[in-house]
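S.K.: Add chain P to chain A, keeping to what the hints say.
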Amino acid sequence: MTVELKQASKVTRGITHIKPTSLVLETGHFNVLLGQTGSGKTSLIKLMAGLDQLASGQIFMDGVDVSKLSTQKRNISLVHQFFVNYPQMTVYDNIASPLKVAGMVKSEIEGRVEEAAKILQLEPMLKRRPQELSGGQQQRCALARAIAKESRAVFLDEPLANLDYKLREELREQLPELFAGRGAVVVYATSEPEEALLLGGKTALMDDGVVTQFGTTADIYRKPENLTAARVFSDPPINSAEIVKAGSQARLKTGVTWNMAGPAADLPDGVYTVAVRPHHVTPVAATSKDVALNGTVQVTELSGSESSAHFQMGEDGWVSLAHGVHPYEIGEEHAFYMDASRCFYFAPDGRLVA
Amino acid sequence: MKTENQKAWFFVLPVLLLVAFNALIPIMTVVNYSVQETFGDNLFFWEGLGWFEQILRSDRFHAALGRQFLFTFLILIIEVPLGIIIALSMPKKGIWVPVCLVTMALPMLIPWNVVGAMWNIFTLPDIGLLGYFINNTLGIEYNMTRSPVAAWVTIITMDVWHWTSLVVLLSYAGLVSIPDAYYQAAKIDGASPWKVFRYIQLPKMKTVLTIAILLRFMDSFNIYTEPFVLTGGGPGNSTTLLSIDLVKIALGQFDLGPAAAMSLIYFAITLLVSWLFYTLMTKDDAK
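In order, the protein sequence lines correspond to chains A and P.
Read left to right, the first sequence gives residues 1 to 354 (the working numbering).
Read left to right, the second sequence gives residues 1001 to 1287 (the working numbering).
Chain A extracted, bound-state conformation (with noise of 0.2 Å):
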């Protein structure tokens, strides 16, 4: 089972959402779309879906177009960041309706929802309705939903947002297996770095409508091909700073300097973006080889064993995060220590060159 894009795009009224797009999509692992709010992931999906039509270019199914087929005759499942139920009907009966509607005899019916039901840990609730259930049981409710169809594709568009921590965790370890060995492509939409690394399989970078980067996710992790790419997969958000290189030598505009080493080295003298991610930039030094960064602590943050701490220095503002809990005073001037091999360099037009 495969879905494929090729060049498709999408523009409403003149407004362009979608910009010629090609992608291949597989079935087996998660395919993520990874961007922020209004990148366009919405917009893909429903693209895909067959929700919205293309301006320009094909969708294949299975190797056959459909860009021209109506949704229904696509054969896929969406699953919304709210939770959407047929409000009048039992949770059975909102299971059921697809496999009602393409008119599936009731035996067999009846075996999918129960199976679906199982698997969802929804059996005690298919005589309620949806609105008695809690907002992770409704999500589930549609889930089962897009699991009793056996559709070619499904696609879930930010599915776990209007949960609370604890449920959004606790799906989001189950979600993989729901689908592992199922046949569907599955699609994933998300604004969370973290849930992309969770749920590994490959990841499209998704910015400004456009898909910027497609690959396993752990390979786009460690090389994102280029300045946006690596903006759009890191929280807290990415360290960057211009540099001057000079001979080996890398120099911030506040006068830091560090020796860069491996291909880094072997770049021609010039201007330079770096970027580290803010893990890489802990409170202490963990080799001697760290390149001390003296700043102004500004904002603190605590997340369970993590703590975060906002400095500037001089005109940049950077991020520092490391585990245990640091205690930081707003005001101080602090030592962080960056890990000078984790760095990332861009070329003034954003590509990645070492």
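Source of the hints: derived by calculation from the structure; they are not laboratory data.
Just to be clear, a hint being listed does not mean it is correct.
To be verified - Some chain P residues close to chain A (C-beta under 10 Å, calculated; not the full set):
#1 Arg1060
#2 Leu1088
#3 Ala1181
#4 Ala1191
#5 Ser1192
#6 Lys1248
What the hints assert, rightly or not - Label pairs and their calculated CB-CB ranges:
#7 Met1218/P - Glu115/A: 47 to 57 Å
#8 Lys1195/P - Leu69/A: 19 to 29 Å
#9 Asp1180/P - Glu170/A: 23 to 33 Å
#10 Lys19/A - Gly1190/P: 23 to 33 Å
#11 Leu69/A - Asp1180/P: 49 to 59 Å
#12 Met1218/P - Lys100/A: 38 to 48 Å
#13 Met89/A - Val1019/P: 39 to 49 Å
#14 Tyr165/A - Lys1195/P: 34 to 44 Å
The beta carbon of each residue, even a glycine, is placed where N, CA and C say it ideally should be.
M.R.: Quick look at chain P alone, frame taken from chain A:
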């Protein structure tokens, strides 16, 4: 430490006074009249439940009540489905939305007696635009002052023209509040337009429709001005609805006792039907 005194009563007083003046005292006056007989000169004689008995046994009351229920039933059966159909066919976005909404709201802005006068002139067979057209161009005899059927057709049409907009506006408000996601889900399931209406639009419109039907029931059951101006209850008694009959008894014949008893029965019926309807419609949600 708590101070205990009776000051709280003063805070309740304004509401008590307000309720007394706008509900209790007027109603109690009517109750007072309904159990007594008066010949003027401020002389009253105790009558007990006699007037109630008389009204409830009177054929004239039964006939008016029957006409009243028929009228309300007819306008509801036309206005509710028609209102829903119009609301469904109105645009959801774009510049036509305000145009449609204002056009819809217009009939409701016209004073009731003006509506009656308008339709009266409109349907006159000799000089009225509609009356002339039906009688002379179509060749169908249509005269509201002679034929009871023509009178009924006219008051029903007038009410539909005047009040369908209310159902339209309320249904429309219910419709636009449905998120797109529901329609998308239906599209993905391949649900037919009827199924979309039955399982998405109708359930989501239920609350506003309940209110719309309730308002239309109460208003049409108590209707007075428009048919009074239009037909005056005629020809004969054919369009004498409850309120028109009541005014005839109270002000025409000056039978204050029976009129008061009839008012209370009238009020009780309106209240009972509204309560029954509302309870039935909201029974599911309360569970």
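S.K.: Taking the hints in turn, state whether each one holds.
M.R.: Against the structure, the hints come out as follows:
Checking Arg1060/P against chain A: minimum C-beta separation of about 45 Å lies over 10 Å; hint violated. For Leu1088/P, the shortest C-beta to C-beta distance to chain A is roughly 18 Å, which exceeds 10 Å, and the interface hint is violated. Interface restraint check: Ala1181/P against chain A, minimum CB-CB distance 5 Å, threshold 10 Å, status holds. For Ala1191/P, the shortest C-beta to C-beta distance to chain A is roughly 6 Å, which falls under 10 Å, so the interface hint holds.
Using the Cβ-Cβ criterion of 10 Å, the hint placing Ser1192/P at the interface with chain A is satisfied: the shortest such distance is roughly 8 Å. Annotation: Lys1248/P was flagged as interfacial toward chain A, and the flag is violated, the nearest CB pair being 47 Å apart, outside 10 Å. Against the hinted window of 47 to 57 Å, the Cβ-Cβ separation of Met1218/P and Glu115/A comes to about 51 Å, which satisfies the hint. Checked against the hint of 19 to 29 Å, the pair Lys1195/P and Leu69/A passes, with Cβ atoms roughly 21 Å apart.
Between Asp1180/P and Glu170/A the beta carbons are some 28 Å apart, a value that agrees with the proposed interval 23 to 33 Å. The hinted range of 23 to 33 Å is satisfied by Lys19/A and Gly1190/P, whose Cβ atoms lie roughly 31 Å apart. A beta carbon spacing of about 21 Å between Leu69/A and Asp1180/P contradicts the range 49 to 59 Å that was offered as a hint. For the pair Met1218/P and Lys100/A, the beta carbons lie near 40 Å from each other, so the given range of 38 to 48 Å is met.
At roughly 44 Å, the beta-carbon separation of Met89/A and Val1019/P lies within the given 39 to 49 Å, and the hint holds. Judged by the Cβ atoms, the range 34 to 44 Å given for Tyr165/A and Lys1195/P holds: they are separated by roughly 37 Å.
Violated hints, listed in ascending order, are 1, 2, 6, 11; each of the other numbered hints is respected by the structure.
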